[in-house]
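Protein chains in written order, with the numbering used here: chain A, 565 to 1073; chain B, 47 to 157.
Watch out, some of these pointers could steer you wrong.
Unchecked claim - In silico DSSO-like links for lysine-lysine, alpha-carbon gap of 30 Å or less:
hint	chain 1	residue 1	chain 2	residue 2
1	A	Lys598	B	Lys55
2	A	Lys753	B	Lys152
3	A	Lys851	B	Lys152
4	A	Lys1055	B	Lys55
5	B	Lys116	A	Lys753
6	B	Lys152	A	Lys940
7	A	Lys1055	B	Lys121
8	A	Lys742	B	Lys81
9	A	Lys1055	B	Lys81
10	B	Lys120	A	Lys742
11	B	Lys55	A	Lys742
12	A	Lys1055	B	Lys120
13	A	Lys940	B	Lys55
14	B	Lys116	A	Lys785
15	B	Lys116	A	Lys935
Stated by the list, open to error - Label-pair distances were calculated between CB atoms; the ranges are:
hint	chain 1	residue 1	chain 2	residue 2	range
16	A	Gly895	B	Ser56	34 to 42 Å
17	B	Gln90	A	Gly642	52 to 60 Å
18	A	Ser826	B	Lys55	52 to 60 Å
19	B	Ser84	A	Gly1028	33 to 41 Å
20	B	Met87	A	His925	43 to 51 Å
21	A	Ile579	B	Glu61	31 to 39 Å
22	A	Gly895	B	Thr73	41 to 49 Å
23	A	Lys940	B	Met87	50 to 58 Å
24	B	Ser56	A	Ile782	52 to 60 Å
25	B	Lys55	A	Glu588	34 to 42 Å
26	A	Ile1069	B	Glu86	41 to 49 Å
27	A	Gly642	B	Glu61	31 to 39 Å
Think of the hints as simulated: they come from the structure by calculation, not from any bench.
Using N, Cα and C, we set each Cβ at its ideal position, and we do this for glycine too.
If you want the building blocks of each chain, they are given just below.
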Amino acid sequence: MAEITAPAYRVIPIIPALKPGAMEGKGPFVASEKINEAIGFPGQLVEDWHDKAIARFGELLQKYRSLRVYMDACVHCGACTDKCHYFIGSQDPKNMPVARQDLMRSVYRRYFTLPGKLFPKLVGARDLTREVLDEWYNYYNQCSECRRCSVFCPYGIDTAEVTMAAREILDSIGYGQKYSNEIIGKVHKIGNNLGLPGPALEDTLEGLEEDVKDATGIDVKFPIDVKGAEVLLITPSADFFAEPHIDSLIGYAKVFHATGTSWTLSSIASEAGNFGMFIGNYEQLRKIALRIREAALELGVKRIVVGECGHAWRVAYSFWNTLNGVGDGAGEVDKFAQMLQKQLDHRYKQPTHICEFTWDHIQQGNLRFNKSLNDKHVITFHDSCNVARGSRMGDLPGGQFEIPRNIIRSVANNFVEMREGTTHEQTFCCGGGGGLLTDDLIDIRVKGALPRMEALHQVQQEHGVNFMATICAICKAQFTKVLPIYGFDRKVVGGVHQLVSNAIILGDQ
Amino acid sequence: MANIEVGGKSYETDEEGYLINLTDWNTDVANYIAKTESIEMSDQHWEVINFLREYFDEYQIAPAVRVLTKAIGKKLGPDKGNSEYLYGLFPYGPGKQACKIAGLPKPTGCV
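Build the full structure now, drawing on both the sequences and the hints.
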């Protein structure tokens, strides 16, 4: 693999000089026949791809009125142009959100508007040629669906939905991306994105019980498939496998222990992530979400708590109600959703984010901390895009911003914010979201991390920040990889519950 | 898909150089893949590779980083039971790079 280097920090963070064609290419690895067919997609690019793609496009325009509005509404005002981290880092004008949308909008005009059908050249309409299709594949796999640009769009055009539609059309003709589709296959077959089978999961959890016992002298349990537990924890499988993710899993377990909560994991739903959203495929999204209902019904739990996973929380908070009946909103004829509704304890939010769970107990005085145990850290918080812009927490607007920060301030003494305009609803994506967290996209991942790295560098220089907490498995994995390329230690990134784990007082300590 | 040639024999790999057929693996193939990753295999590297293969035989997946560090620590002493030691041996990340050399599938997901 060619040596990947970080782009230089901008002296003044403004619109960079354009480098047309900088990110031209073939895009990430295309999913193989085997991978595609395992999840019900055509194995490879179908012969009549042109007609099929246009037909699917037409169906999506019917199904999602929003997509048609987004295709029609843009006035090219330019407000979004410099808001995309991939554009900032790559300087490729096709990574401007408006230009990325126009790859699809030009095709929309040609086939779905009268002026475009009659006078294509006059209205910037294009035929869907193989070149255009390849351009879609390349550039729609350089969008992390983070929706930062949408915050600045005066019409509220949701670029992520455009990207999702493009990927859905591509998948429908057998031109899907290897990374996302392979993972979706694994979640169906094995129960999680990693492909971690039950016995390996059990072995890992037993090991964690030993480790925590060695470190604290306390028997903190990591239960799995326990019928009748109160809480079912749905967490990204990376929490079982990778670093620093696993330290947050230990944090959740300690919080459950300290609050006397009976909880369990599930071997059939050992994954919070739902890559069905990344590829914009409703059937996959729903099928992946239904495993959670199955597990909840089988185990008879009263609450469903979601671990530190950004897009999972968006799916859980915003879509689970109609997808699987966790949360109010499922159809009356959806028998199993209604069954689950009856089973869950509605004194609590369904679903509950692990940060809401921990913060509630902190407020009730049920948790004690020795904050000085985090004194080696000067901490900042990276808002993850799907939590920041696709969900909420708690009872007040902006709870998704305040609750994780409140937890950090409760368990540590040194907390500083990064520069305004790079946090809260204007947070920058880590550079690896939306199905881009794969080695074959490392170049764009490194480039896309630039604005976040600039903001981190600034607080490192000014305040000595040496820990960036976050609540997303993708952010954690992406930063672990790109931090060293920007000259930081990879251990600068970690979870909020990793900090909780460091400081929590268990037993009579 | 691609192929690698080792000792006059051809082995199928995926786009990223991971072996397609796990049974194709042997020490020559491992040494070859290590070279493409600019890694000079030492006894320390082999300790890790052998543990990965043993674990995979039992669980059909590579061990979690923590499981690996713990096992290495038990075997080689606590000073080596940490991820720094593993990153020292496999700079691109012990998970993926060591799996590739050990002939195991690439861990996927948010890792």
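TODO: Please work out if A:Lys1055 and B:Lys121 have their alpha carbons no farther apart than 30 Å.
DONE: Satisfied, since the Cα-Cα distance of roughly 25 Å is no more than 30 Å.
Open item on the list: Check whether the Cα positions of B:Lys152 and A:Lys940 lie no farther apart than 30 Å.
Closed with: Roughly 35 Å separates the two Cα atoms, so the pair is violated.
TODO: Below or equal to 30 Å on CA atoms is what counts here, so check A:Lys753 against B:Lys152.
DONE: Between A:Lys753 and B:Lys152 the Cα gap is close to 16 Å, so the pair holds against 30 Å.
Task: Consistency of beta-carbon spacing, A:Gly1028 to B:Ser84, with hint 33 to 41 Å - done: About 35 Å separates the Cβ atoms of B:Ser84 and A:Gly1028, which means 33 to 41 Å holds.
Open item on the list: Given the hint of 43 to 51 Å, is the C-beta distance from B:Met87 to A:His925 inside that range or not?
Closed with: Since B:Met87 and A:His925 have Cβ atoms about 50 Å apart, the given range 43 to 51 Å holds.
- [ ] Starting from B:Lys55, check that the Cα of A:Lys742 is at most 30 Å away, please.
- [x] 28 Å, holds
Task: Restraint status (C-alpha distance of A:Lys1055 to B:Lys55 at most 30 Å) - done: Distance ~42 Å between A:Lys1055 and B:Lys55 Cα, so the pair is violated.
Task: Cβ distance range 50 to 58 Å for A:Lys940 and B:Met87, holds or violated - done: 36 Å, violated
Task: Satisfaction of the hinted span 41 to 49 Å by the C-beta atoms belonging to A:Gly895 and B:Thr73 - done: 59 Å, violated
TODO: Please test the hint of 34 to 42 Å on the beta carbon pair from B:Lys55 and A:Glu588.
DONE: 37 Å, holds
Task: Agreement of A:Lys598 and B:Lys55 with the hint, judged by alpha carbon distance not exceeding 30 Å - done: Given pair A:Lys598, B:Lys55 holds - Cα atoms ~25 Å apart, limit 30 Å.
Open item on the list: With the threshold set at 30 Å, check whether the alpha-carbon distance from A:Lys940 to B:Lys55 stays at or below it.
Closed with: Distance ~54 Å between A:Lys940 and B:Lys55 Cα, so the pair is violated.
Hints 4, 6, 10, 13, 16, 22, 23 from the earlier list are contradicted by this structure; the remaining hints agree with it.
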